[in-house]
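*Asks:* Assemble the whole structure, with the sequences as input and the hints as a guide.
In order, the protein sequences belong to chains X and C. 118 is the number that numbering that gives the first Met the number 0 gives to position 119 of the first sequence; each next residue is one higher, with no gaps. 93 is the number that numbering that gives the first Met the number 0 gives to position 94 of the second sequence; each next residue is one higher, with no gaps.
The set of hints was computed from the structure by calculation and includes no laboratory data. Owing to the predicted nature of the structure, the values given are computational and were not obtained by experimental measurement. Just so you know, even glycine gets a beta-carbon here, dropped at the ideal spot from N, CA and C. Hints should not be assumed to be uniformly reliable.
[To be verified] Derived lysine to aspartate or glutamate pairs resembling EDC-like cross-links, with alpha carbons at most 16 Å apart: (1) C:K158 - C:D89; (2) X:K215 - C:E23; (3) X:K63 - C:E23; (4) X:K63 - C:E25; (5) X:K45 - C:D89; (6) X:K141 - C:E213; (7) C:K158 - C:E195; (8) X:K141 - C:E25; (9) X:K141 - C:E21.
[To be verified] Covered, in the sense of this in silico footprint (three residues per stretch, anywhere, with C-beta under 8 Å from a C-beta of chain X), are these stretches of chain C: (10) 139-145; (11) 149-162.
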Amino acid sequence: MGGAPNPDVIERMSDMDHDPHLDHARNELPEMDLHVRALRTVLEQKGYIDPATLDVLIDTYETKIGPRNGARVVARAWVDPIFRNWLLEDATAAIASLGYAGRQGEHMVAVENTESRHNLVVCTLCSCYPWPVLGLPPTWYKSAPYRARAVKDPRGVLADFGVTLPDSTEIRVWDSTAEIRYLVIPRRPPGTENLSEDQLASWVTRDSMVGTGLPKAPERP
Amino acid sequence: MIDYRSHADLGGKDGHGRVIPEPEGELFHARWERQALALTIAMGATGAWNLDMSRSARETLPDYRSLSYYERWIRALERLLIERELVRSDEIAAGRMLHPARPGLSVLRAAEVPATLAKGSPTWRPPAGPARFAAGQPVRLRAAAVTHHTRLPGYARGKIGHIEALRGVHVFADTHAQGLGEQPCWLYTIVFSGRELWGDEAARSHSVSIDAWEPYLEPVS
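*Replies:* Below is the structure:
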């Protein structure tokens, strides 16, 4: 025996070495900045990309497509039972009626939290995420710790977010392994009966629509 | 490819540590990350490859585990460009065009961005025949490993679950990633008990679902 190292051992070792802060630690690498600039220049010179297109794409995901879209969907579902039923039956159409559709949300399914069931969404194979309603995925959603643990130890993951649920609550984890994208409809918090739809939307956090958080009162300025 | 190996199949793997939450407004951690996003979407829109090929290029990067999310995007983008001879590596090193561009690519223009994103790339296709399985039926997920891109996570291989929902007929990621065409097939949501997947160490009352194409499924007698 000997010679070739056992690949399983190597894999475990590299797992242990993995730093969950990787994205934060490596982000300011000046060589990546230069490298991406070089690539962009080549693609522009070849005529494969239009520089103005890049600006519009970045602006779209920084200012137009983000979790406030999803918050409006949830708030509407909270105040309008007909919309809620439509959302649970045909989420793609119900969400499109509010103007959100397309890339990485072509086939939507909405899953509703109840007293007895809490939903949590993950993509263990990459980082599939419902872009039209939640925008770009946060670092933790794309990270190895979340993708590894969500399916095996969802209560442990929730604890990392400061969320504890009663033992009697069933946790249902949705692994987004195909092109269906999932939106969690969190439970409407008690004491919000008199709030308007707009006010309610400000209670809906991004994390509550992935299942790693709960709605909460907006911070006062 | 006989030596196909994905480094992205993380579901259930131990040793990755805790999840680090992130505030809602944090989208990018360096300027080049914005460019990485925009370049990848703009080049994807040229039709030179499809999303499944893109995922396959990312998950097989030999240093996948040590790269941040947008580093993976850039490395995979370069790989796709070089494989298709759209760009050569000496050009990326030089930061300028050294060889003629390949004609015939459809360039995404800035004015087309909103409509292109709103349309997305739906994977639903009209059914050519009836579904083999029905809701409520138990099925076993294919146990054998495959030597190409697949969306069946390792933790579900050989496991028995129940069909919860039929999601219609969708482009089959496995063949689409290999350039073998769409070969659309029925897609199902399969739910597993935590105990079936993880044994007695599974948390109390938790279940996990995946979305699986019909070729992944075997009947359980």
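*Asks:* All hints are to be evaluated individually against the structure, with a verdict given for each.
*Replies:* Against the structure, the hints:
1. Between K158 (chain C) and D89 (chain C) the CA atoms are separated by roughly 47 Å; this puts the pair beyond 16 Å, and the hint is violated.
2. Proximity of K215 (chain X) to E23 (chain C) is assessed by CA-CA distance (about 13 Å); at most 16 Å being required, the pair is judged to hold.
3. Restraint check for K63 (chain X) and E23 (chain C): satisfied, since their Cα atoms lie roughly 14 Å apart, inside the 16 Å limit.
4. Pair hint K63 (chain X) plus E25 (chain C) holds up; C-alpha atoms about 15 Å apart against a cutoff of 16 Å.
5. For the hint linking K45 (chain X) to D89 (chain C), the alpha-carbon distance of about 14 Å falls within 16 Å, and the restraint holds.
6. Proximity of K141 (chain X) to E213 (chain C) is assessed by CA-CA distance (about 27 Å); at most 16 Å being required, the pair is judged violated.
7. Distance check on the hinted pair: K158 (chain C) and E195 (chain C) sit about 7 Å apart at the alpha-carbon level, within 16 Å; holds.
8. A threshold of 16 Å between alpha carbons decides the hint, and for K141 (chain X) with E25 (chain C) the separation of about 14 Å falls inside it, so the pair holds.
9. The straight-line distance between the Cα atoms of K141 (chain X) and E21 (chain C) is roughly 12 Å, inside the 16 Å bound, and the hint therefore holds.
10. For the segment 139-145 of chain C, the assignment as covered by chain X is violated, since 0 residues bring a beta-carbon within under 8 Å of that chain's beta-carbons and 3 are needed.
11. Figure legend: the segment 149-162 of chain C, annotated as covered by chain X; annotation consistent (4 residues with Cβ-Cβ distances under 8 Å, at least 3 required).
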